[in-house]
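S.K.: Below, each chain spelled out in residue letters.
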Amino acid sequence: MGGLELLHEPRWNPLSRFGLTHSFFNIDYQTVMQTWIVLLALVLLLIPIYIILKRKPGIVHFMITSFVNYFVNLCNQSIGRFIFKHFAFVTSLFIFILMCNLISIIPGLEEPTKNINTTLAFGLVSFLYINYYSIKTHGAWEYIKEYFRPIPVMFPLNVVGKIANILSISFRLFGNIFGGVIIGQIWFNAIGGSIIFETVGILTGINLIITGFFGLFEGLLQAFVFMMLTVTYLAIEIQTEQSQQSEETT
Amino acid sequence: MIEIVELLHFVTIAMVTAASSVAVGIGEGFVGLSAIQAINIQPEAKDDIQKTAILGMALVETAAILCVTISFIILFGTAQESMNIYFSLSELGIALGLSLSGFAIGLVSAMPARAACLAMARQPFFSNKIVRFMLIAQAMIQTPVIFSFIIAIFIKGYATSAANITDSLKLIASGLAIGLGSIGPAIGLGIFGKTACNSIGMNRKSYGKIFTFTLISEGIIETPIIFAFLVSFLIILYPAPTLLIAIAMLAAAFCVGLGTFGPGIGLGRIAASACHQIAKDPEKYSMLSKVSILAQSIASTAAIYALIVAMLLITFTK
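Protein sequences appear in the order of chains R and Y.
So the first sequence is numbered by this note's numbering: it starts at 1 and just counts up by one.
So the second sequence is numbered by this note's numbering: it starts at 1 and just counts up by one.
These are calculated hints, taken from the structure and not from any lab test.
Predicted model only: the values in this text are computed from it and were never measured.
One or more of the hints may lead you astray.
Claimed, not checked - Among chain Y residues calculated to face chain R with C-beta under 7 Å, some are:
hint, residue
1, ILE146
2, PHE147
3, PHE149
4, ILE153
5, LEU215
6, ILE216
7, THR223
8, ILE226
9, PHE229
10, SER286
11, VAL309
12, LEU312
The C-beta atom is built at its ideal place from N, Cα and C for all residues, glycine as well.
I would like the entire structure built from these sequences, with the hints used as guidance.
M.R.: And the structure:
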């Protein structure tokens, strides 16, 4: 079936001559290539934006600044104060995941996020960023002590709880995108090969509904959810007693 | 023998469609009821309420459409000569997984649509944003069905190579895990979505805050479903050479399925009460959301225990 074929991607095994044939050393070269195409598309998108922002204000200028302002407000609301580093991290994470989810509207390309390795990498990046800033604000000793609360016996469960966070955040993105890809593939396999069915699919708009809902809408929604969860966990981890007090007074 | 094979095969096809259709029918009926009540309260907003009710029903129907797709795939995609008793037994996994989650989601995804119709009767000039909010709340509730759909496709793929009773038990276990595991969180998602739509009807100035809070909370409420999905995935991919391991996998499926039931409902109730308070007092948003997320992370610990035990059962049974 369609689902099974999607899991077995063509793989390149560069270290096989040294006896390292474990699947850990394999490279899914198609996914890597698609991710690079997404990066290329982002750069191509950023060059005209840079040129437009240099010129005098117009409609597109206003659209770009209001898009950025929306995320500035979102970060302010969640973290409590404006920190440029965190704003830049979560916004670029959002735009990158969004582009990864939407790249399939270009014919011949597929979403890199339908591979579990890509979403796991996103989850790890957000986890490492959050924990780095947690250590930076509280200090290493406080950070380690956090694992032994409320009683020291809870240590393994706290560790598993942290790892479950990575798994849940990455599997949420993977499952939704992968499900959309399978549904789209089943539909286009079912109508493919018959001119009558394909015409009916285009004219009634079912093709449009399937790509629109499962591809574009779910992609946008899941990218936004990923970003919101990251910024919320970050806000919880980096809050100190001082910042809490200043928040209450303002 | 051939009769039992055929019977199980057709029962699977019928059960998947029937369970989801019953639930979706009931849900859509309630959406229609709420739409009529809302029009009674606010007859001027008739067009907007009608539009909302139709959009809501269309999204409720997603569960039934996915289930029907699977039914068609099983009905037309199965070669007659490849059918044997183990194949049909494995298909019961699809029946359990998709019918349980389709039933739960069909009933539950109607709740935000009902609340949205009534909220529109209260705030008729705010209809565009209420519709947008309802669409997002309902689209996120569909996640369990999409997960069950993926698992069903995998079971269908592996069922043709099932050669003995252990393989069949393994595939049944994986369907059971996602099916049972999506009931509790689905109820939680429904409770939360209903309260969120109600809250916008109460206080439309809190729209922006409730919007971000909904995305975060529905994401967290879905966490137990993702654990169940993970366990089903593990069960499918892990080899089961002996009968004992297959039985342990069945136990793991029950463990994660029943273990996520309580946390799912609890998470939904925590988020729902926080959402209600945000609508009453939007100024306290940052404090309320932090408290709610901390409480949710404590409540989901129970689901993590279930996940650990299920994983240990799968990997450590000899």
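S.K.: With chain R as the partner, please determine if ILE226 of chain Y meets the hint condition of a C-beta pair closer than 7 Å.
M.R.: Holds, because the Cβ-Cβ distance from ILE226 of chain Y to chain R comes to roughly 5 Å (cut-off 7 Å).
S.K.: Can you verify the interface hint for PHE149 of chain Y: is its Cβ closer than 7 Å to any Cβ in chain R?
M.R.: With a closest approach of 6 Å, the PHE149 of chain Y hint holds.
S.K.: Less than 7 Å between beta-carbons is the criterion; does PHE229 of chain Y satisfy it with respect to chain R?
M.R.: holds, 6 Å
S.K.: Are ILE146 of chain Y and chain R close enough, Cβ to Cβ, to be under 7 Å, as the hint says?
M.R.: holds, 4 Å
S.K.: Grab the minimum C-beta distance from THR223 of chain Y to chain R and call the hint holds if it beats 7 Å, violated otherwise.
M.R.: holds, 5 Å
S.K.: With chain R as the partner, please determine if VAL309 of chain Y meets the hint condition of a C-beta pair closer than 7 Å.
M.R.: violated, 11 Å
S.K.: Holds or violated: LEU312 of chain Y as interface residue toward chain R, Cβ cutoff 7 Å?
M.R.: Hint on LEU312 of chain Y: violated, closest Cβ of chain R at ~11 Å, above 7 Å.
S.K.: A closest beta-carbon separation below 7 Å is what the hint needs, so does LEU215 of chain Y meet it against chain R?
M.R.: For LEU215 of chain Y, the interface hint holds, since the closest Cβ of chain R sits about 5 Å away, which is under 7 Å.
S.K.: Does the nearest C-beta of chain R fall within a distance shorter than 7 Å of the C-beta of ILE153 of chain Y?
M.R.: holds, 4 Å
S.K.: For the restraint on SER286 of chain Y, tell me whether the closest CB of chain R is nearer than 7 Å.
M.R.: At about 6 Å, which falls below the 7 Å cut-off, the nearest Cβ of chain R leaves the hint on SER286 of chain Y intact, so it holds.
S.K.: Measuring from the C-beta of ILE216 of chain Y to each C-beta in chain R, is the shortest one below 7 Å?
M.R.: holds, 5 Å
S.K.: With chain R as the partner, please determine if PHE147 of chain Y meets the hint condition of a C-beta pair closer than 7 Å.
M.R.: Since chain R brings a Cβ to about 5 Å from PHE147 of chain Y, closer than 7 Å, the hint holds.
In summary, the structure is inconsistent with hints 11 and 12 from the numbered list given earlier, while agreeing with the others.
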